[in-house]
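S.K.: Sequence:
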Amino acid sequence: MDGSRPLRGVLPPAVAVVETRADHAAELWPAEAAVVAGAAPARQAEFATGRWCARAALDALGEPAVPLVPGPRRAPSWPDGVVGSLTHCAGYRAAAVARANQFRAIGVDAEPNLPLSEAVLTRVSSEAERAGVGALGRSQPGIAWDRLLFSAKESVYKAWSVLTQAPLGFADAVVGFGADGTFAFALRATLRPALAEPLVWHAAWAVGDGIAVTAVWAYA
1312 MDGSRPLRGV
1322 LPPAVAVVET
1332 RADHAAELWP
1342 AEAAVVAGAA
1352 PARQAEFATG
1362 RWCARAALDA
1372 LGEPAVPLVP
1382 GPRRAPSWPD
1392 GVVGSLTHCA
1402 GYRAAAVARA
1412 NQFRAIGVDA
1422 EPNLPLSEAV
1432 LTRVSSEAER
1442 AGVGALGRSQ
1452 PGIAWDRLLF
1462 SAKESVYKAW
1472 SVLTQAPLGF
1482 ADAVVGFGAD
1492 GTFAFALRAT
1502 LRPALAEPLV
1512 WHAAWAVGDG
1522 IAVTAVWAYA
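With the working numbering applied, the sequence shown closes on residue 1531, and no number is skipped along the way.
Simulated restraints, written as ranges between beta carbons of each label pair:
1. Q1413 with G1382: 17 to 23 angstroms
2. P1352 with S1428: 22 to 28 angstroms
3. A1333 with G1492: 23 to 29 angstroms
4. R1354 with P1426: 23 to 29 angstroms
5. A1490 with P1352: 40 to 46 angstroms
6. G1349 with A1531: 37 to 43 angstroms
7. A1500 with Q1413: 24 to 30 angstroms
Hints are computed from structural coordinates only; laboratory data are not their basis. Built from N, CA and C at the ideal position, the CB exists for glycine as well.
From just these sequences and the hints, can you work out the full model?
M.R.: Laid out in structure tokens, this is it:
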């Protein structure tokens, strides 16, 4: 895996992925600039770089630049015919986009490969999930499995909310990791009717150069 491009290594080739370790002085559309007007400079830079990644990824698909204004659940309003996801954390920003006739949904998340606080871990996970990541941590201590669990749930949330426009809580998805760079998740049974038809979900993770990434997608 290329540690500088961890997300590229876990997503299918048909997904356009742009990743950067540095902020870019990207020019924002007026509607985008209004979103971060008055925000701290660091937040403005983070937001602009995310849009820079997104436009570069759209360009790789042959799509023109458009304003990418957050919708009701914070996800960008992608152009018609496109699905995608953005993520950012300290020292890393990325965008992943694909054509909607090939993918129903994409969710990605990046986090520093550092442990969560006990309070946060307790809030976002079940006792069984904590036992699972604890065992993985003892066998592979170089990976912050608790943080990876948090990231996986964020990716699930992003993919689910775009598909259904419905909220998803941390307790609504139960995650389990494979040592092969994949993970599985099960959604609470009462959530499934939100989809008109069942989907086959794919999910993967990677850790490199201090960054943990997860991705969730479903093919059209």
